[in-house]
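Number of protein chains: 4
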Amino acid sequence: MRAGIINITGYAGSELARILHSHPEVEITSVTGRSAAGQKVKDVFPHLSSLDLAITPELEGSLDIVFSALPQVASAEASIPVLNQGIKLIDISADFRLKNAGEYKEWYGVPHPDPSYLEEAVYGLPELRSKEIKSARLIANPGCYPTSAILGLAPAISEGIIEPDIIIDSKSGISGAGRSLSMTTHFSEVNENTMAYGLGGHRHLPEITQELNFLSYEKTSITFVPHLVPMTRGILSACYGKLRPSGSWNGPDAGQRIRDLYEDFYAKSAFVDITAQPPQTKQTLGNNKCLIYPTVDTRTGRLVVISCIDNLVKGAAGQAVQNMNLMCQFPENTALDALAVYP
Amino acid sequence: MRAGIINITGYAGSELARILHSHPEVEITSVTGRSAAGQKVKDVFPHLSSLDLAITPELEGSLDIVFSALPQVASAEASIPVLNQGIKLIDISADFRLKNAGEYKEWYGVPHPDPSYLEEAVYGLPELRSKEIKSARLIANPGCYPTSAILGLAPAISEGIIEPDIIIDSKSGISGAGRSLSMTTHFSEVNENTMAYGLGGHRHLPEITQELNFLSYEKTSITFVPHLVPMTRGILSACYGKLRPSGSWNGPDAGQRIRDLYEDFYAKSAFVDITAQPPQTKQTLGNNKCLIYPTVDTRTGRLVVISCIDNLVKGAAGQAVQNMNLMCQFPENTALDALAVYP
Amino acid sequence: MRAGIINITGYAGSELARILHSHPEVEITSVTGRSAAGQKVKDVFPHLSSLDLAITPELEGSLDIVFSALPQVASAEASIPVLNQGIKLIDISADFRLKNAGEYKEWYGVPHPDPSYLEEAVYGLPELRSKEIKSARLIANPGCYPTSAILGLAPAISEGIIEPDIIIDSKSGISGAGRSLSMTTHFSEVNENTMAYGLGGHRHLPEITQELNFLSYEKTSITFVPHLVPMTRGILSACYGKLRPSGSWNGPDAGQRIRDLYEDFYAKSAFVDITAQPPQTKQTLGNNKCLIYPTVDTRTGRLVVISCIDNLVKGAAGQAVQNMNLMCQFPENTALDALAVYP
Amino acid sequence: MRAGIINITGYAGSELARILHSHPEVEITSVTGRSAAGQKVKDVFPHLSSLDLAITPELEGSLDIVFSALPQVASAEASIPVLNQGIKLIDISADFRLKNAGEYKEWYGVPHPDPSYLEEAVYGLPELRSKEIKSARLIANPGCYPTSAILGLAPAISEGIIEPDIIIDSKSGISGAGRSLSMTTHFSEVNENTMAYGLGGHRHLPEITQELNFLSYEKTSITFVPHLVPMTRGILSACYGKLRPSGSWNGPDAGQRIRDLYEDFYAKSAFVDITAQPPQTKQTLGNNKCLIYPTVDTRTGRLVVISCIDNLVKGAAGQAVQNMNLMCQFPENTALDALAVYP
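Residue numbers (the working numbering), protein chains in the order written: chain Y, 5 to 347; chain R, 5 to 347; chain V, 5 to 347; chain E, 5 to 347.
One or more hints might be untrue.
Note that the list lumps identical chains together, so a pair holds whenever it fits in one copy or between two copies.
As a list, the in silico DSS-like pairs of lysine-lysine whose alpha-carbon atoms are at most 30 Å apart [as the list claims (entries may be wrong)]:
#: 1; residue 1: Lys-272; residue 2: Lys-46
#: 2; residue 1: Lys-223; residue 2: Lys-246
#: 3; residue 1: Lys-272; residue 2: Lys-135
#: 4; residue 1: Lys-44; residue 2: Lys-272
#: 5; residue 1: Lys-103; residue 2: Lys-272
#: 6; residue 1: Lys-44; residue 2: Lys-135
#: 7; residue 1: Lys-138; residue 2: Lys-44
#: 8; residue 1: Lys-103; residue 2: Lys-46
#: 9; residue 1: Lys-272; residue 2: Lys-109
#: 10; residue 1: Lys-138; residue 2: Lys-109
#: 11; residue 1: Lys-44; residue 2: Lys-223
I should point out that these hints are in silico values taken from the structure, not numbers from a laboratory.
Chain Y on its own, in the form it takes in the complex (with noise of 0.2 Å):
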């Protein structure tokens, strides 16, 4: 299968390139970037010298797939044509996961080019929607912030254990914040530094609501605070809930009934694990998996989900081949079962 990459020169871009390259059914026959078009792959990425490809500013050939891992904006307007084309296409931006246009335009700040496709397209968290997913086209792969926390919360907010008013407390890893050069990525600006961030609100947080009143019967109202700490990859969200006062998920064997509720929600999913610790990124470093680790505060009956990804895997482009797995009927796990690298 051919597949193409809008924007290999970013992380999620790159990223895709490692893990395809493990992958027997598809080859990689165009890429594009911006300012590195012209140059091969290679001369960009050592670490991806065995793609001999050039990067061009348009992608070029016949394609039966296409990533698109452009910012958001720019992502949608490189991503048009190509559907209109009939080709298949997986996002890794956060342009066609709002449903609502207008939210879109309120988060963006500007109207989306095509709000017919935020309709059809397909919120890729194959967790939650591989049957969609299947059959989808178009697929908006979703973000790394909202990976891990839907994923920590959904099986709490679908059986309604608690109640609609969260705390997402986020931590993530600095290629979080692309490969753009900013004050932000700088080494030593960030370097042995933790901060907050988009406390006025973060784009991740539309994301994240929209999906989890998907599942909940009610609308939940959720306070979500990134942070940046000094490492590259990896995010942990600590995800709290007060359980329901009336609830039978509130007593004294709560703790181990959440954590069965949640075993079984994830029981088919091969890149969902329930840990008997504290997870840690590191855990999933370089790989596809999704630990999550939920427990009750008895001291004050609140539920304390920690979920660990990998931002640029799980997160963005191992999810992506994920979505395409499903999309194309090859096995779910094709080219995402490598281990995390530890240490």
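Starting from the known structure of chain Y, fit chains R, V and E onto it as the hints suggest.
For chains R, V and E alone, kept in the frame of chain Y given last:
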């Protein structure tokens, strides 16, 4: 003034020596260590080469003030004989922080060796208790997490503007785990890694609860989740509390009114800054500041406070020196006005 | 094929398990550990949760090949009984690397337990000895520093283009110091820190000298200075040698001619790349490549070679699997063609 | 005394402000910046909030001394008008370091705007030139790599104990690359990574060569290879030179004799310590020390000197203040005696 340090060989102890080095009124005349007894300070810590002292198993000579930088339990054991001699003592461990001896036993596993000192001890958070500190003989120096959390929440709790059900999500550098060897201080294990821990209940929780309850007119329920992030120094706490729905603090201008409240509350506190932007741990590296940023999540009616310190300075040795300055009628900022080392 | 790992609980051992996980011809059927005996592999290493094995004190069951990942001295002790049973063995420690038993005693402090195995052992650097490896029963897997240095210098030494007085200045990540606890693996001590060590003579020196002398027609004098830099994985060695003044390699086109020499020398070596730009350790993270950049300092007539590997892969476990592939007539790159995890 | 800082917004400039903050004789009264002109210092650098000054495009008011912390070329352009007014100036850039205007053009690509100042400028390495510094009006503050290398080699070169063919292998933290944005300061690119660079010739080479040649009776040939390692601050240089074979310094007690030589050479230098163990960059973090460890590799008859500094302090701003102290007859250590921040 002649000062002694019990256990200079840990990070709090060596940091004390670093800070006291620039104190014009204090001479360190006796230091103890455990495994390093018999060595020179400079052989263990080359950066303290200007301190020409041998490490002894016990304090020696006459002393005006003693700092204990031993871990809990061992600290009480070593401190009580000093106190019994009538010498002023600042304990950096947790051994005199809890007022309730039963609670001490519950969290530390052993009965307190002399609960009368629990009564006498003053919890040494100068921003809240400077008057008592000035006349104290025994100071329980606050923990690193509690310092960041209590300072971050004190104005809101005192004023009663949030509901008494709070979440504190803290991120600490690895030096908080001390100089002892363990898997959670092993570079290859914790570098490029973020983890939550203490989910079953961290020992700093009762201390935070005790002090916030002194400020509050009703009992406060607290979920406290500490994390380790891959940096040496620094704590950033994100504190979450629901604004009381009927309160006069819950309106369109709540954010600004709460900022004003915080600025008033700390107007006379030289080491607390209410910041215009979310603070970063690196902005406190090596100095005694606590940077606080209160903000309101208007979507959910929730107060979010970000609070940063250097865990070894304001969270340990710097605060101890601040307490000593107050106890000894030195200007509060003596030896403590170095700027943060940035970047 | 059934493989055993002696001491899976160190970094070389766990890395072996990670790599062999994707090897289609090998099943790990027995693993040992020291302090962790009795535990499940996944309890010690959550990232190896797919390896459902208990750690036993001794190897169990019948085995086709055994890897020893114990430290020196202990490794020989555990390996010799395995060898005596006629099982193929790859020793990742230093116990079979030196040909001279006297030298072994000098550097390791104890007499070698069975010098006949020193004679039999093949030094497992496949780029230089693939033929002997293919028929070997006992492989002495090269050290991490020696792998980077010998591969970096082999073409120049073999061709005799530099004087036999060489400096090797190596920089290693902290995982090279192993999983054991010590001050040089303590995060707060080594983070944000660079140090030289082993200035009195590092144990990898005799190994480098021995192997370079096999390639050279005259005895080579080597100064080797290792450093620790604050990263988990990776070794970068800078190798310095004076071009022979009268040599035909010392002229205006020496740089290009030497590049050609290096490219020819490694033309058939899938895991060695002669790079167009100075390589970076990160370009090998998690994979089995050795990246080499030879250049001439024309001001001084000196060859400078930069050589990079992942110390746990090409410098340990990956090279061990490469050796196994050769010994067992599997394609040399089986389980070893994953790309580096970048960034 | 009124001081101005040209370009406070880089790392050398902000570090100057941090250090001068504790200088009792100096008040910073004017600071310039480029892109940040018009902002307050504290808005750019929250850790400098005590410096209540606006950043202006040009220096303002009357000044007794000016520090230029601009990059090369721009620095000369801004400094010459100041010099022409008769104000003392310390240039932290490279613009007045080389005595030879032709060499300046060769390495910096443009002709020097006023070579008469090259003649007048004193190379501000106080350990070697304190007398000239005391009466200088224009100081060329040494580069970070040269400071570590020249101090590490000066005793050996002056005494003539090594052959005039030297290798300097230096490892620098990322702040040495400045506050500007580039791929080599991008966190995700350089974190967990070590790289060599400048292999074709780094701009600090002519400066090192010039200064060592002033000390030597014969011309010295130098190979200089800088590396970036993933930490913010610190330089460690390993310097290699062959002991002269016939020299009286080459014998069984050479190591000790050379240590004695180094100790004598720096006996009056408060900021140079000859250490008993190989020094670590962290032992200088935030302070003005240069730690030097000379040793002899007896196997090869080679002197190896390890030299450590904080690149922003002794390698830039701290040394500038040391120079100012000498120029202005303040005690040399004023504002410079803070201990290193360790860990």
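Verification of the supplied hints:
1. When the C-alpha separation of Lys-272 and Lys-46 is checked against a cutoff of 30 Å, the pair qualifies only between copies, where the shortest distance is 20 Å, while the shortest distance within a copy is 38 Å.
2. Within a single copy, Lys-223 and Lys-246 get their C-alpha atoms as close as 15 Å, and across copies as close as 18 Å, so both meet the 30 Å cut-off.
3. Within a single copy, Lys-272 and Lys-135 get their C-alpha atoms as close as 13 Å, which meets the 30 Å cut-off; across copies the closest is 47 Å, which misses it.
4. When the C-alpha separation of Lys-44 and Lys-272 is checked against a cutoff of 30 Å, the pair qualifies only between copies, where the shortest distance is 23 Å, while the shortest distance within a copy is 41 Å.
5. In this homomeric assembly, Lys-103 and Lys-272 come within 30 Å of each other (Cα to Cα) only inside a single copy, at 27 Å, whereas the closest approach across copies is 50 Å.
6. Within a single copy, Lys-44 and Lys-135 get their C-alpha atoms no closer than 38 Å, and across copies no closer than 36 Å, so neither meets the 30 Å cut-off.
7. Taking CA atoms no more than 30 Å apart as the test, Lys-138 paired with Lys-44 passes in neither setting, with 34 Å inside one copy and 37 Å between copies.
8. Taking CA atoms no more than 30 Å apart as the test, Lys-103 paired with Lys-46 passes in neither setting, with 38 Å inside one copy and 41 Å between copies.
9. In this homomeric assembly, Lys-272 and Lys-109 never come within 30 Å of each other (Cα to Cα): the closest approach is 37 Å inside a single copy and 45 Å across copies.
10. When the C-alpha separation of Lys-138 and Lys-109 is checked against a cutoff of 30 Å, the pair qualifies only within one copy, where the shortest distance is 29 Å, while the shortest distance between copies is 58 Å.
11. In the homo-oligomer, the alpha carbons of Lys-44 and Lys-223 never lie at most 30 Å apart, since the shortest distance is 49 Å inside one protomer and 43 Å across protomers.
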